Amino acid sequence: EPEVTQTPSHQVTQMGQEVILRCVPISNHLYFYWYRQILGQKVEFLVSFYNNEISEKSEIFDDQFSVERPDGSNFTLKIRSTKLEDSAMYFCASTRDGSNEKLFFGSGTQLSVL
Amino acid sequence: RKEVEQDPGPFNVPEGATVAFNCTYSNSASQSFFWYRQDCRKEPKLLMSVYSSGNEDGRFTAQLNRASQYISLLIRDSKLSDSATYLCAVNSIPGANNLFFGTGTRLTVIP
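So the sequences go chain by chain: W and U.
So for the first sequence, the working numbering puts the first residue at 4; every next one is plus one.
So for the second sequence, the working numbering puts the first residue at -1; every next one is plus one.
For the record, the hints were derived by calculation from the structure and aren't laboratory data.
There could be a bad hint or two in this list.
[What the hints assert, rightly or not] Distance condition first, Cα-Cα at most 35 angstroms in a straight line; then the derived DSBU-like pairs of lysine-lysine:
| id | chain 1 | residue 1 | chain 2 | residue 2 |
| --- | --- | --- | --- | --- |
| 1 | U | Lys43 | W | Lys105 |
| 2 | U | Lys40 | W | Lys86 |
| 3 | W | Lys81 | W | Lys105 |
| 4 | W | Lys60 | U | Lys0 |
| 5 | U | Lys0 | W | Lys45 |
| 6 | W | Lys105 | U | Lys77 |
| 7 | W | Lys86 | U | Lys77 |
| 8 | W | Lys60 | W | Lys105 |
| 9 | U | Lys77 | W | Lys60 |
| 10 | W | Lys60 | W | Lys86 |
| 11 | U | Lys40 | U | Lys0 |
| 12 | U | Lys0 | W | Lys105 |
| 13 | W | Lys45 | U | Lys40 |
| 14 | W | Lys81 | U | Lys0 |
| 15 | W | Lys86 | U | Lys0 |
| 16 | U | Lys77 | W | Lys81 |
Please read all numbers here as calculations on a predicted model, not as lab measurements.
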């Protein structure tokens, strides 16, 4: 079964540093998403991306965050200057047709900001 | 205002028991409803969609009550492998692709 792949599985960084989280969506999928989950809290939507542009974003996704699809396979989330409160599990997801019914999540990147 | 609310549990039930979870949502315009399963420190995995007419998949039954704005999940004949956190998710913005998740209900099935 095809999978959404995320790297790295764990990322430790110092406060104020930039991080890039990487995702390879399923190859024939067209809609891409980032969600995050702070330890012990709910999964929260960050941003969705379609046709090389952001289609929706939440209040969490402020100017410190950006997304990019630099080539035909990768989808990245950049946090420009990390804060302690950015520590969370970040999940990438993709769908073929934008339907939430077939939302496939990657296994996540655990980001720890020290 | 919380978009989606769930009883966090934990629910501790013996093997073979029937257990039910409810989830309420605040936006009456919500159109899509789902139950996800999340194992510890893992990604959410879609368990089932929730349709207006209710739907069943083996030991799992999902129901939607639009009038009272809640969805439910019933698990019959609980197995040890059912131990997980069950998340409800709602697409609260018609035409949008993002989901609002509840905080999840922790289920432990005891031998």
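So, going through the hints one by one against the coordinates:
no. : hint               : in the structure
1   : U:Lys43 / W:Lys105 : 10 angstroms, holds
2   : U:Lys40 / W:Lys86  : 23 angstroms, holds
3   : W:Lys81 / W:Lys105 : 25 angstroms, holds
4   : W:Lys60 / U:Lys0   : 18 angstroms, holds
5   : U:Lys0 / W:Lys45   : 11 angstroms, holds
6   : W:Lys105 / U:Lys77 : 26 angstroms, holds
7   : W:Lys86 / U:Lys77  : 41 angstroms, violated
8   : W:Lys60 / W:Lys105 : 20 angstroms, holds
9   : U:Lys77 / W:Lys60  : 38 angstroms, violated
10  : W:Lys60 / W:Lys86  : 19 angstroms, holds
11  : U:Lys40 / U:Lys0   : 24 angstroms, holds
12  : U:Lys0 / W:Lys105  : 25 angstroms, holds
13  : W:Lys45 / U:Lys40  : 13 angstroms, holds
14  : W:Lys81 / U:Lys0   : 28 angstroms, holds
15  : W:Lys86 / U:Lys0   : 25 angstroms, holds
16  : U:Lys77 / W:Lys81  : 41 angstroms, violated
The structure fails to meet hints 7, 9, 16 from the earlier list, while all remaining hints are met.
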